[in-house]
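There are 2 protein chains.
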Amino acid sequence: MAKLLTGKEVSADIAERLAPRIKRLAAAGVVPCLAIVRMGERPDDMSYERTATKRAAALGIEVRSFCLSADAPQAALEAVIDTVNADDAIHGCLMFRPLPPHIDERAVCDRLAPAKDIDGIGSASLAGVFADTGEGFPPATAQACLETLDFYGIPVAGKRVVVLGRSLVIGRPVAMMLLARHATVTLAHSRTEDAAAHTREADIVVCATGQPRAFGPAFFAPGQTVLDVGINFDEAGELCGDVDFDAVEPVLGSEGAITPVPRGLGGVTTSVTMAHVVQVAERTLEGGR
Amino acid sequence: MAKLLTGKEVSADIAERLAPRIKRLAAAGVVPCLAIVRMGERPDDMSYERTATKRAAALGIEVRSFCLSADAPQAALEAVIDTVNADDAIHGCLMFRPLPPHIDERAVCDRLAPAKDIDGIGSASLAGVFADTGEGFPPATAQACLETLDFYGIPVAGKRVVVLGRSLVIGRPVAMMLLARHATVTLAHSRTEDAAAHTREADIVVCATGQPRAFGPAFFAPGQTVLDVGINFDEAGELCGDVDFDAVEPVLGSEGAITPVPRGLGGVTTSVTMAHVVQVAERTLEGGR
Numbered sequence: 005m006a007k008l009l010t011g012k013e014v015s016a017d018i019a020e021r022l023a024p025r026i027k028r029l030a031a032a033g034v035v036p037c038l039a040i041v042r043m044g045e046r047p048d049d050m051s052y053e054r055t056a057t058k059r060a061a062a063l064g065i066e067v068r069s070f071c072l073s074a075d076a077p078q079a080a081l082e083a084v085i086d087t088v089n090a091d092d093a094i095h096g097c098l099m100f101r102p103l104p105p106h107i108d109e110r111a112v113c114d115r116l117a118p119a120k121d122i123d124g125i126g127s128a129s130l131a132g133v134f135a136d137t138g139e140g141f142p143p144a145t146a147q148a149c150l151e152t153l154d155f156y157g158i159p160v161a162g163k164r165v166v167v168l169g170r171s172l173v174i175g176r177p178v179a180m181m182l183l184a185r186h187a188t189v190t191l192a193h194s195r196t197e198d199a200a201a202h203t204r205e206a207d208i209v210v211c212a213t214g215q216p217r218a219f220g221p222a223f224f225a226p227g228q229t230v231l232d233v234g235i236n237f238d239e240a241g242e243l244c245g246d247v248d249f250d251a252v253e254p255v256l257g258s259e260g261a262i263t264p265v266p267r268g269l270g271g272v273t274t275s276v277t278m279a280h281v282v283q284v285a286e287r288t289l290e291g292g293r
Numbered sequence: 005m006a007k008l009l010t011g012k013e014v015s016a017d018i019a020e021r022l023a024p025r026i027k028r029l030a031a032a033g034v035v036p037c038l039a040i041v042r043m044g045e046r047p048d049d050m051s052y053e054r055t056a057t058k059r060a061a062a063l064g065i066e067v068r069s070f071c072l073s074a075d076a077p078q079a080a081l082e083a084v085i086d087t088v089n090a091d092d093a094i095h096g097c098l099m100f101r102p103l104p105p106h107i108d109e110r111a112v113c114d115r116l117a118p119a120k121d122i123d124g125i126g127s128a129s130l131a132g133v134f135a136d137t138g139e140g141f142p143p144a145t146a147q148a149c150l151e152t153l154d155f156y157g158i159p160v161a162g163k164r165v166v167v168l169g170r171s172l173v174i175g176r177p178v179a180m181m182l183l184a185r186h187a188t189v190t191l192a193h194s195r196t197e198d199a200a201a202h203t204r205e206a207d208i209v210v211c212a213t214g215q216p217r218a219f220g221p222a223f224f225a226p227g228q229t230v231l232d233v234g235i236n237f238d239e240a241g242e243l244c245g246d247v248d249f250d251a252v253e254p255v256l257g258s259e260g261a262i263t264p265v266p267r268g269l270g271g272v273t274t275s276v277t278m279a280h281v282v283q284v285a286e287r288t289l290e291g292g293r
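As you go down the protein sequences, you meet chains A and B in turn. Take 5 as the starting number for the first sequence in the working numbering and just add one per residue. Take 5 as the starting number for the second sequence in the working numbering and just add one per residue.
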């Protein structure tokens with residue numbers, strides 16, 4: 005049986021470190037506040053929003069939801085972003101993506117005030133991740149991968165990592181973060197020939213393509229660590245990852261490790277999001293507001 | 005004998021496409037102008053500056069050199085950048101790096117006006133390369149790699165590329181540009197275990213570590229394309245690349261290809277720099293100045 009890298013323990017650890025900080029903020033009259041911006045009602049967005057709202061409440065973080073219909077115009081979404089930017093009581097903003105195809109996503113992402121960009125969607129944060137300057141915030145999902153590896157004591161430096169998927173939400177940022185931690189990183193994707201030949205040679209495989217159970221046993225080898233970023237719903241409406249868990253887990257063997265879906269990286273991502281909100285709230289305090 | 009991917013032909017092609025554009029600018033009273041900012045007198049910087057100045061003159065592009073001593077303070081360098089930013093007659097700025105260790109390099113790079121950042125050193129350009137938005141300019145050396153592959157008809161999509169070196173000047177940007185062109189890209193570096201095992205499996209290897217003749221025959225295989233970005237001086241003071249050319253070229257075989265040093269990518273980088281300057285000059289014209 006491969007080791008299960010469940011998210012609960014990682015989240016508990018993050019929450020434990022956040023508690024005294026949120027207490028200090030409360031004592032100064034500051035309640036950390038997260039704005040969630042959503043267009044339409046995609047089930048994965050809705051599911052994540054419910055989890056985030058529950059988690060925030062448990063930690064003492066406020067959530068304000070801004071919901072638009074899937075066909076709302078660009079101007080309506082921009083007006084929401086402007087509201088978020090202007091409201092000093094809001095510390096961070098999480099906007100679900102991908103946005104509908106009629107929206108200029110890059111423009112909206114860059115409209116968000118960099119100081120509130122706790123999910124690393126704006127150009128300033130992207131440059132920070134790419135250049136490893138520590139400016140801005142990395143995307144929460146990408147950081148969740150690192151937090152999970154660190155919590156479970158899985159080394160990264162000098163290891164071979166293959167990242168499947170090259171999105172800006174997760175593939176490219178996590179690749180840069182792993183590179184900064186001295187991994188040898190390969191970015192594979194839909195146009196990669198024989199991706200399995202790459203992944204089988206890796207120490208760590210990050211699956212981030214958003215295709216339900218796309219990666220079966222042929223992609224993996226004993227002793228590997230598999231991070232499954234996918235949050236998909238299969239044809240039966242069941243939540244599943246990018247990895248065909250039941251078929252892959254036995255291949256990894258007792259030296260291997262894998263994040264399950266559900267109960268894996270999703271919850272850690274939520275925790276990282278909350279940690280970023282708290283960080284921004286602390287900065288506003290330091291700023292003397 | 006491997007095919008020699010000499011830069012001269014690539015540069016001639018770029019120059020040919022630039023000539024009518026520079027003519028049109030001249031007719032409108034605009035002489036494209038490049039500022040070169042240099043600290044100290046490193047031989048590779050000096051060599052590049054001489055080449056660039058000569059090339060610019062041949063094309064009808066003006067060059068203004070700003071030289072500081074290697075121990076000039078941060079404020080002096082920032083004053084130069086401010087001068088460059090403020091002067092409407094200067095269209096682009098090339099600043100040699102790495103800067104001396106007492107300089108906050110990131111701060112200086114971000115001080116340069118993004119519109120004049122023709123070598124892709126500022127955060128806006130970095131985000132553009134990382135996110136593939138087309139904003140800003142990619143580093144000229146990284147683009148020179150792509151121009152050379154394109155000129156010689158070497159396909160990139162679906163190919164395995166290994167980039168040796170992860171600097172922001174070349175390794176990371178060229179990796180992102182190749183990824184955007186659908187290559188499967190591995191970033192290897194000083195902490196990579198058995199880098200040769202990676203490079204031997206690649207279709208294209210980009211060598212960008214700045215170590216003279218660091219990569220010998222064990223790193224390569226028949227049929228590969230090798231891009232040698234290195235511009236180093238060996239112990240005898242001779243200009244050489246990161247690749248041990250004489251030993252590696254025979255390994256690549258008649259199906260292989262390699263950029264020589266000198267006479268390789270260096271000249272193409274200069275041409276790309278000039279093309280970026282012309283592009284900015286055209287923008288100022290469109291802007292109605």
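If you're looking for bench data, these hints aren't it; they were derived computationally from the structure. Remember, it's a predicted structure, so these values are computed and weren't measured experimentally. There's no promise every hint is true.
Each pair of labels, with its calculated beta carbon distance range [stated by the list, open to error]: (1) A:P105 - B:V35: 40 to 50 Å; (2) B:E82 - A:A117: 39 to 49 Å; (3) B:A93 - A:K27: 35 to 45 Å; (4) A:E290 - B:A23: 36 to 46 Å.
Residues on chain B that point at chain A, a partial pick, calculated with CB under 7 Å [as the list claims (entries may be wrong)]: (5) A131; (6) T137; (7) G138; (8) R170.
All C-beta atoms in this analysis are idealised placements derived from N, C-alpha and C, irrespective of residue type, glycine included.
Here is what the structure says about each hint:
{"no.": "1", "hint": "A:P105 - B:V35: 40 to 50 Å", "result": "holds, 44 Å"}
{"no.": "2", "hint": "B:E82 - A:A117: 39 to 49 Å", "result": "violated, 26 Å"}
{"no.": "3", "hint": "B:A93 - A:K27: 35 to 45 Å", "result": "violated, 58 Å"}
{"no.": "4", "hint": "A:E290 - B:A23: 36 to 46 Å", "result": "violated, 56 Å"}
{"no.": "5", "hint": "A131", "result": "holds, 4 Å"}
{"no.": "6", "hint": "T137", "result": "holds, 6 Å"}
{"no.": "7", "hint": "G138", "result": "violated, 10 Å"}
{"no.": "8", "hint": "R170", "result": "holds, 6 Å"}
Taken one by one, the earlier hints fail for this structure at numbers 2, 3, 4, 7, listed in ascending order.
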